[in-house]
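S.K.: This is what each chain is made of:
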Amino acid sequence: MIDKQVPTVAQALADIPDGATVMIGGFGASGSPIELIHGLIDQGATDLTVINNNTGNGEVGLAALIGNGQVSRMICSFPRSSQSRVFPKLYREGRIQLEVVPQGTLAERIRAAGAGIPAFYTPTTVGTILAEGKEQREIDGRTYVMEPWLKADFALVKCESADPLGNLTFNKTARNFSPLMCMAATTTIVQTKRLVARGDIDPEHVVTPGIFVNRVVEVPNPVHEDTLIADGRSYP
Amino acid sequence: MIDKQVPTVAQALADIPDGATVMIGGFGASGSPIELIHGLIDQGATDLTVINNNTGNGEVGLAALIGNGQVSRMICSFPRSSQSRVFPKLYREGRIQLEVVPQGTLAERIRAAGAGIPAFYTPTTVGTILAEGKEQREIDGRTYVMEPWLKADFALVKCESADPLGNLTFNKTARNFSPLMCMAATTTIVQTKRLVARGDIDPEHVVTPGIFVNRVVEVPNPVHEDTLIADGRSYP
Amino acid sequence: MSSGWTREQMAARAARDIPDGAYVNLGIGIPELVARFVPEGREFIYHTENGMLGMGPPPGDDDRDLDLMNAGKKYVTALPGSAYFHHADSFSMIRGGHIDVCVLGTMQVAANGDIANWSTGAPDAIPAVGGAMDLVQGVKNIFVITQHTTRTGDAKLVERCTYPLTGAGVVSRIFTDLAVVNVTPDGFRVAELAPGIAFDEVQEKTGTTIAPPQ
Amino acid sequence: MSSGWTREQMAARAARDIPDGAYVNLGIGIPELVARFVPEGREFIYHTENGMLGMGPPPGDDDRDLDLMNAGKKYVTALPGSAYFHHADSFSMIRGGHIDVCVLGTMQVAANGDIANWSTGAPDAIPAVGGAMDLVQGVKNIFVITQHTTRTGDAKLVERCTYPLTGAGVVSRIFTDLAVVNVTPDGFRVAELAPGIAFDEVQEKTGTTIAPPQ
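Quick note, the sequences are listed as chains A, B, C and D, same order. Count along the first sequence from 1, then add 1301; that gives the number in this note's numbering. Count along the second sequence from 1, then add 1301; that gives the number in this note's numbering. Count along the third sequence from 1, then add 3; that gives the number in this note's numbering. Count along the fourth sequence from 1, then add 3; that gives the number in this note's numbering.
FYI, nobody ran anything at the bench for these hints, they're computed from the structure. The reader is advised that the hints may include incorrect statements.
[Unchecked claim] Partial selection, computed: residues in chain C whose CB lies under 10 Å from chain A:
(1) Gly-7
(2) Asn-53
(3) Asp-68
(4) Val-79
(5) Pro-83
(6) His-90
(7) Asp-92
(8) Trp-121
(9) Ser-122
(10) Ala-128
(11) Met-136
(12) Gln-140
(13) Gly-141
(14) Leu-168
(15) Gly-170
(16) Pro-188
Because the structure is a prediction, the values reported are computed rather than measured. Think of the CB as a built atom: it goes at the ideal place given N, C-alpha and C, for glycine as much as any other residue.
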């Protein structure tokens, strides 16, 4: 019987090499897989390219991973936020690269990678500096830019419930980029609040089918970035 | 309070004009909105372009619409089937046009229309006669063809439950093309087996959000194409 | 110094121009106030680009779900009839033209409908665009709510934006503290003056020619 | 006349080459039989392109759901752990390289891996492609199960396909009644002969040079 469960976070992350491209689910604190990110800090892989909508907050989670010097390049839509201090400092010091991608284009490029679509056209960024250097063409009288797919070696994702086949459900707006990232990564690693039995998730309610998931690790009481920051925590 | 319910099938379909492009949900008999299709026969619009995976079976549903001479052009992936007689006859007589689109490309073109993506690249059809005349380009060492979005004026779709906002759920593989067609049509008309109250569909379980739906008509005991054919029925 | 509309009045005025049943996306800041001024007899459905339709008001401290946020990363609630979806579906709603109205704040808006609200272009600024460029290209009607001038008195309604654009030729209507301004093929035109505001004051505080009410 | 493998034996032989845990799409006809011969200790998960993972065997007459079909429009069942999804997601699984093995029937397959299984190209034929072109481009391993020759004795394994292609250079392995045949950079090579079948017979019934087992 297929069983994608992995007993520990450490085992789930063990083979992420230096130089890997890693998608990390979440929009700000919502859906951020804090235990997997902290596990990646413990694991120590460096020179990572990380794809996430933001760049983390405070000194936990993604911000801590960046602060620990493991990330050489960020691909995101919104690297600033009210409590984002780690990334701006490294960026201004020239110690981390940044590719800014509009949020919808970021989502669509990730989906395209998962769907086998190497490129598509979008009106987003037309007439702006973010379209500079990009191929443009007119279709039906409107100008569009071409955008390529965006793949990753690994995706780290947090979900609400998972079964041993890797079928996933999410909690509210914690869904955000996670189902797309599951599609776009060679190896998708999921932390789930609840590991349920095969058949416990109604097939009509599956959000991410197990075909997009490689490893599932149960983290029954996940910490939340907002709580950690409110408590003044840092990692490691 | 927003309420997209329309009392009758006839009212839901009243403004479909001659020459309209109409997407019809369903894969074969599964998910085919028979009552809406028969309503369109009663309504009488002609010179329609119809987008569906197939061309109908027996002498009911889509086959009956075609047999009634209302369809001048079909866009589909698989116009043949074991019980498809109406379309082949008209096609061989030169009385109906056909555009054959691979099933996955058909689905993606419809989604693209709904997603504001005017064109995308796919490996499907490369090296075949279906790629002839299409723009091709090499990306990362592999050849792809460019495919345009596929829009419609109307979509006719069958679902399992709907609320007054147009949030929809489907039954099993009856889901197929329907959520995509809801996205891609200017006006989406849905027949639902059950009309439920606002809030009765768990927001985690909504398959098609109401933003993609314009009109909902309750058809509590929908007929099924397979049953009609087994009973030797025809329409009108 | 003239009075003009308050922030709340600007939001209420904008809400009056949104039709019943509209799907609406509200930007951060004054635009968020629009949700508090839905005209009697109308219902708007709020979209938040991080993946929800049917967004409700902020929760009480006791009934908040830390996973339920809006695009501004504030805690929100879900109204009956809401739906959750992933980012690709959410931006399909935006890019595909399914959202009726987006109300945005801005740094500058130009007489040709250009908007600049994502970057000052300063050399040391960290570029951060979020969903702004998707919204201005995809949503059917782009409304702007903004003070007519900056705190230092510079015009925000200008002939051409000097900051990097978010989108070109996309804004249709602007709600300021002084006036409602339409973006027409011929440039800015005042549609309505705030109570007690004279047209001359609006012209004076606008960085280019603005036509008087018709 | 030689005996070779039966349809069931061909399917069972193909099943042996599918690894445990594979996501598998089965074409119509002999390929469907593969599901009946899953080797002991392995589990395959079946994908059907109309929108389901975890497809189970046909239902009894009393417990069928008319909405639950496979891509061949036959009634099927859902196993525990299955999932339903729409066509764009289903073909993302295919096109995006997430399906491990697809087993197809064919009219012709060529020494360069080309496959022709959707149209005879006859002038009065109604073209009907379905998902075949998506499958052959997207699935990681394309297996073919076919009789080695047509009913009239014509070769189905040929130097170049004469029927219109479904896909170019996509087939990796062929399971016939006579042999298991690999498609290599140098053309066809027999990987295994059916019991009682001599290599010479396979060569004779193949429309181009085929290399013997190594």
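S.K.: Next step is simple, just say for each hint if it's right about the structure.
M.R.: Now for the hints, and whether the structure bears them out:
With its C-beta approaching chain A no nearer than about 29 Å, Gly-7/C sits outside the 10 Å limit, and its interface hint is violated. At its closest, the beta carbon of Asn-53/C sits 5 Å from a beta carbon of chain A; the interface hint therefore holds under the 10 Å criterion. Evaluation of the Asp-68/C hint against chain A yields a held restraint, the C-beta minimum of about 6 Å falling below 10 Å. Hint on Val-79/C holds. Least Cβ distance to chain A is approximately 8 Å, under the 10 Å limit.
A distance limit of 10 Å between C-beta atoms decides the matter here; for Pro-83/C the minimum to chain A is near 15 Å, and the interface restraint is violated. The interface hint given for His-90/C is met, as the beta carbon of that residue sits about 4 Å from the closest beta carbon of chain A, less than 10 Å. Among the interface hints, the one on Asp-92/C holds; its C-beta lies about 9 Å from the nearest C-beta in chain A, closer than the 10 Å criterion. For Trp-121/C, the interface hint holds, the least distance from its beta-carbon to any beta-carbon of chain A being 9 Å, beneath 10 Å.
Checking Ser-122/C against chain A by beta carbon gives a least distance of about 8 Å; that is within 10 Å, so the hint holds. The interface hint given for Ala-128/C holds, since its Cβ lies 9 Å from the closest Cβ of chain A, which is under the 10 Å cut-off. The restraint placing Met-136/C at the interface with chain A holds, with a minimum CB-CB distance near 4 Å, inside the 10 Å limit. About 4 Å separates the beta-carbon of Gln-140/C from the nearest beta-carbon of chain A, less than 10 Å, and the hint is met.
Interface restraint check for Gly-141/C: the shortest CB-CB distance to chain A comes to about 7 Å, inside 10 Å, so the restraint holds. Interface restraint check for Leu-168/C: the shortest CB-CB distance to chain A comes to about 5 Å, inside 10 Å, so the restraint holds. The interface hint given for Gly-170/C holds, since its Cβ lies 6 Å from the closest Cβ of chain A, which is under the 10 Å cut-off. For Pro-188/C, the suggested interface contact is broken, since its CB lies about 17 Å from the closest CB of chain A, more than 10 Å.
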